[in-house]
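*Asks:* Residue numbers (numbering that gives the first Met the number 0): 0 to 401.
These are computed hints drawn from the structure, not numbers from a lab.
Since we're looking at a predicted model, the values are computed, not measured.
Some clues are possibly wrong.
Stated by the list, open to error - Listed next, the in silico SDA-like pairs over lysine to any residue satisfying Cα-Cα at most 25 Å (straight line):
no., residue 1, residue 2
1, Lys350, Gly384
2, Lys249, Lys363
3, Lys204, Gln227
4, Lys193, Lys249
5, Lys268, Glu293
6, Lys117, Arg68
7, Lys363, Tyr386
Claimed, not checked - Pair ranges (Cβ atoms, derived):
no., residue 1, residue 2, range
8, Gly207, Gly32, 21 to 31 Å
9, Gln371, Asp348, 38 to 48 Å
10, Val144, Lys23, 32 to 42 Å
A virtual CB, placed ideally from N, CA and C, is assigned to each residue, including glycine.
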Amino acid sequence: MIEEALKEINRGCAEIIDNERVEKLLKAYYDEGQTYAVKAGFDPTAPDLHLGHTVLLQKLATFQKYGGRVQFLIGSFTAMIGDPTGKSATRKVLTKDEIVKNIESYTTQAFKILDKEKTDIVYNNEWLDALGAAGMLELASNLTVARMLERDDFSKRYASNTPIAVSEFMYPLLQGYDSVYLKSDIEIGGTDQKFNLLMGRQLQKAYGIKKQQAVLMMPILEGLDGVQKMSKSLGNYIGVSDEPNDMFGKVLSISDDLMWRYYELLSTKSLDEIAMLRSGVEDGTLHPKKVKEELALEITARFHNEDAAQAAKAEFEKVHAKSQIPTDIEAFEIPSEDGSLWIAKALVDCKLEPSTSQARRDIKQGGVKINQEKISDMQLQLTPGEYLLQVGKRKFAKLKVS
RNA sequence: GGUGGGAUAGUCAAGUGGCCAACGACGGCAGACUGUAAAUCUGCUCCCUAUGGGUUCAGAGGUUCGACUCCUCUUCCCACCA
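From just these sequences and the hints, can you work out the full model?
*Replies:* Below, the structure written as structure tokens:
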């Protein structure tokens, strides 16, 4: 039993520090039914979760299956400082209002994966507000500047004369202090958080907590482009609240290589099953598209439901494989001027094109279809009636010219 | 505080008085090919009912027939010195 749990917990992890501690916690759970606290911190900066975040959440859910209680920590206080991000730039500081607004949508999305009964939502401003200047200084005395500069992005920025705000130095300390206050047994985070996660261990020791937290790091999920990390600002993400059709389509749009990465980090299939799929593809008995579809189905079903996933699959087949028109198309009604409507203008008004200039170009290149017929006349006038407009392969609109 | 250098389209980056709506790269869009892709090849990539017109090269003025290119001031960055 413990072996199975450990295997699941280890899956996909980039690095585990103090695996022994994890084993002991599991043993205590199986022998004496004793639960333990697994902490993960979340910045309420982005109100929308994407699959990159769910890698972490799924790992938390795994712990919940094996006796862990999740401390879902909202960085309500630290978000106001700004985290030193990997981008080597000072992050914009959030106001209290923005944070409050983000938290609600954040948690509802998280509970699509987490077990609500085994989750405690905590806000670090509860204890950090009370820390005060004296507490802050005491906290800061635990760390030297030299050690702080060991942190990769700090040292790089320092070396390249990129400014580092002193407040940014405080961030790892505060995050570490969260672990002290919460007496966390395990903390989970991304590999980019290694320094901060280890700070939790160091501070727990400094504040006299006997057992320091184990640290479990998850790799950063690549975005749809397969190169940069998945992030909203880069636009290469799959959001957990994306529509089923979008979600399915986005998963299917990733490259074959990236698919295996997603399988490892996002699928609930066992590692053995995945290995079988992989060898099947390699020896040609399995079509990569089929395998990718399965992944897309699984993910879509997780955030919506099985029926929606199957429907999305059917829809995708219809639109892309068979070049048929999708089921749901946004409809527009635009009045004509003097009994006619210029096609380029119509495309812009139906939000298929950003400008009439772009519309003209696409028409010229044969990228525009009306009622499934390619058109080439950029001066085309639409007379009153109903039309099906299409730009490229996947942009559709129904238009009624009145 | 001093002295130099810089700010160009989504990003990076050429251009240093007219040939500039501005080379190139990446990204993006469209076409071909496919398994939806990816890779590859081709075209496009400020706006405007357009073989033409309008607004751009940090901001504000100025010189000039004419400025992204020259001058002045402002803002912000960077380098070296203190």
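*Asks:* A separate judgement is required for each hint: does it hold in the structure or not?
*Replies:* Consistency of the hints with the structure:
{"no.": "1", "hint": "Lys350 x Gly384", "verdict": "19 Å, holds"}
{"no.": "2", "hint": "Lys249 x Lys363", "verdict": "29 Å, violated"}
{"no.": "3", "hint": "Lys204 x Gln227", "verdict": "36 Å, violated"}
{"no.": "4", "hint": "Lys193 x Lys249", "verdict": "30 Å, violated"}
{"no.": "5", "hint": "Lys268 x Glu293", "verdict": "11 Å, holds"}
{"no.": "6", "hint": "Lys117 x Arg68", "verdict": "5 Å, holds"}
{"no.": "7", "hint": "Lys363 x Tyr386", "verdict": "20 Å, holds"}
{"no.": "8", "hint": "Gly207 x Gly32: 21 to 31 Å", "verdict": "27 Å, holds"}
{"no.": "9", "hint": "Gln371 x Asp348: 38 to 48 Å", "verdict": "21 Å, violated"}
{"no.": "10", "hint": "Val144 x Lys23: 32 to 42 Å", "verdict": "35 Å, holds"}
Of the numbered hints stated above, those contradicted by the structure are hints 2, 3, 4 and 9, listed in ascending order.
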